[in-house]
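Peer 1: Read off the chains here:
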Amino acid sequence: MEISTAVFYLIALITVGSAAVVTFSRNIIYSAFSLLGTFAGVAGLYIFLGADFVAGVQLLIYVGGILVLILFAVMLTHRITDVEITNRAAGRIPALVIVGVFLALLIQTVRETPWVKVKEVAYQPTTAKIGDLFLENYLLPFELASLVLLAAMIGAVVLSRKEIKE
Amino acid sequence: MVPLDYYLILSAIIFAIGVVGVLIRRNLIIVLMSIELMLNAVNLTFIAFANSLGSMDGQVIVFFVMAVAAAEAVIGLAIVISVFRHRQSLDPQEMQLLKW
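Chains as they are written, first to last, in the numbering used here: chain A, 1 to 166; chain B, 1001 to 1100.
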C-alpha cells in the first residue's frame, strides 16, 4: 500500500470516528469536542486534495469560529447536561434503516459511475486563483454572501439579547 | 494518488452520519452539530470534484457553503439559547406551540 493511501485511511478513520461520536455520544460535551476531530480531519483531506487555502479557512472558520460558538451555547444553556438527551426507541430503528438504505444507494451510485480518471495534480498555490474568481465570475454571489452574513449578525444580536420589558 | 471514489464514499458516510444525528437525537444543539457534519461532507465532495476535474469553481463554491454554514450556526445557536431561556428544554418534540 502506498504511504499516501495509508495516510488517507488514517485521516478518514479519525474523521468518521469523531463524526460517529458526535452523533451517538450521550454526553453533549463529548459530542462538541469530537466535532473538532471531524473538522480537523476534513481540513487534512482538503490539504490532501491540494486545496491549501480552503484547508486554512476550514480551520479558521469551523474550528476557530463555529466550534467555539457551539461550545459557548453548550456552556451558556446551564443545566444542559441534565436536559434529557435520551433517544426514543420508536424513532430510532426506522431512521437507521432508512439512512442505511440511503447510504447503500449513494455508495452503489458512486461505485458504478465511471468517473473521469484523476489527473496527476500539480500542487500549486490556489489563493490567487480563488481571489480572481471571487472578483470576476462570482462577484454577485460574493456580495450576496456578505449581505447574508450581515443579516445573520444582526439577527443573532436581536435574538439573543435579554428582553427588556418597558 | 487516492482515487475520487474514496473521497465520495467517505463524504457519503459522513453525510449519512449527519442525517442519522438529525433524525434520532432529541437535543437541538446536537441536531445543529449534525447539520454542520452534513455541510462538511458536501464541502468535501466539492473539493474532491474540483481536484479531479482540475477546476477552481468547486473551491470557490465551498466558501459560499461555509458562509451559509456560519450564518446558520450563529442564528441556530441564538434561537437555541432563547428557546432554552423560555422553555428550559431543548427537545424539538416539545416545541409544538404552533402545532394545529
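What the hints contain is simulated information worked out from the structure, not anything from laboratory work. Misleading hints may appear alongside valid ones.
Stated by the list, open to error - SDA-like mimics (lysine to any residue), calculated; alpha carbons at most 25 Å apart, straight line: (1) A/K162 - B/L1097; (2) A/K129 - B/I1061; (3) A/K162 - B/L1053; (4) A/K129 - B/V1068; (5) A/K162 - B/D1091; (6) A/K129 - B/A1067; (7) A/K129 - B/L1097; (8) A/K129 - A/L147; (9) A/K129 - B/F1049; (10) A/K129 - B/L1053; (11) A/K129 - B/F1084; (12) A/K162 - B/S1082; (13) A/K129 - B/D1091.
Unchecked claim - What follows is a set of in silico ranges between Cβ atoms, one per label pair, in the way DEER data are often shown: (14) B/Q1088 - A/T5: 29 to 37 Å; (15) B/I1079 - A/R26: 22 to 30 Å; (16) B/P1092 - A/L135: 25 to 33 Å.
C-beta atoms are modelled at their ideal positions from N, C-alpha and C, and glycine is treated no differently.
Peer 1: Taking the hints in turn, state whether each one holds.
Peer 2: Do the hints match the structure? See the list:
Between the alpha carbons of A/K162 and B/L1097 the distance comes to roughly 22 Å, so the proposed pair stays at or under 25 Å and holds. For a cut-off of 25 Å, the pair hint linking A/K129 to B/I1061 stands: about 13 Å separates their Cα positions. The suggested pairing of A/K162 with B/L1053 is violated, with an alpha-carbon distance near 50 Å, which exceeds 25 Å. A threshold of 25 Å between alpha carbons decides the hint, and for A/K129 with B/V1068 the separation of about 22 Å falls inside it, so the pair holds.
A hinted pair counts as satisfied when its Cα atoms are at most 25 Å apart, and A/K162 with B/D1091 qualifies at roughly 22 Å. Restraint check: the Cα-Cα separation between A/K129 and B/A1067 comes to about 19 Å, which is no more than 25 Å; the hinted pair holds. Of the supplied pair hints, the one linking A/K129 and B/L1097 is violated, its CA atoms being roughly 50 Å apart against a limit of 25 Å. With a C-alpha separation of about 23 Å, the suggested pairing of A/K129 with A/L147 holds against the 25 Å cut-off.
Proposed proximity of A/K129 and B/F1049 is supported: the alpha carbons are some 17 Å apart, at most 25 Å. As the CA atoms of A/K129 and B/L1053 are separated by approximately 15 Å, the hinted pair is consistent with the 25 Å bound. The hinted pair formed by A/K129 and B/F1084 fails the criterion: a straight-line CA distance of about 44 Å is larger than 25 Å. Taking the CA atoms of A/K162 and B/S1082, the gap is about 9 Å. The hint holds against a cut of 25 Å.
Distance check on the hinted pair: A/K129 and B/D1091 sit about 45 Å apart at the alpha-carbon level, beyond 25 Å; violated. A hinted range of 29 to 37 Å is violated for the C-beta pair B/Q1088 and A/T5, which are about 50 Å apart. A beta carbon spacing of about 24 Å between B/I1079 and A/R26 agrees with the range 22 to 30 Å that was offered as a hint. Between B/P1092 and A/L135 the CB atoms are about 41 Å apart, so this pair departs from the stated range of 25 to 33 Å.
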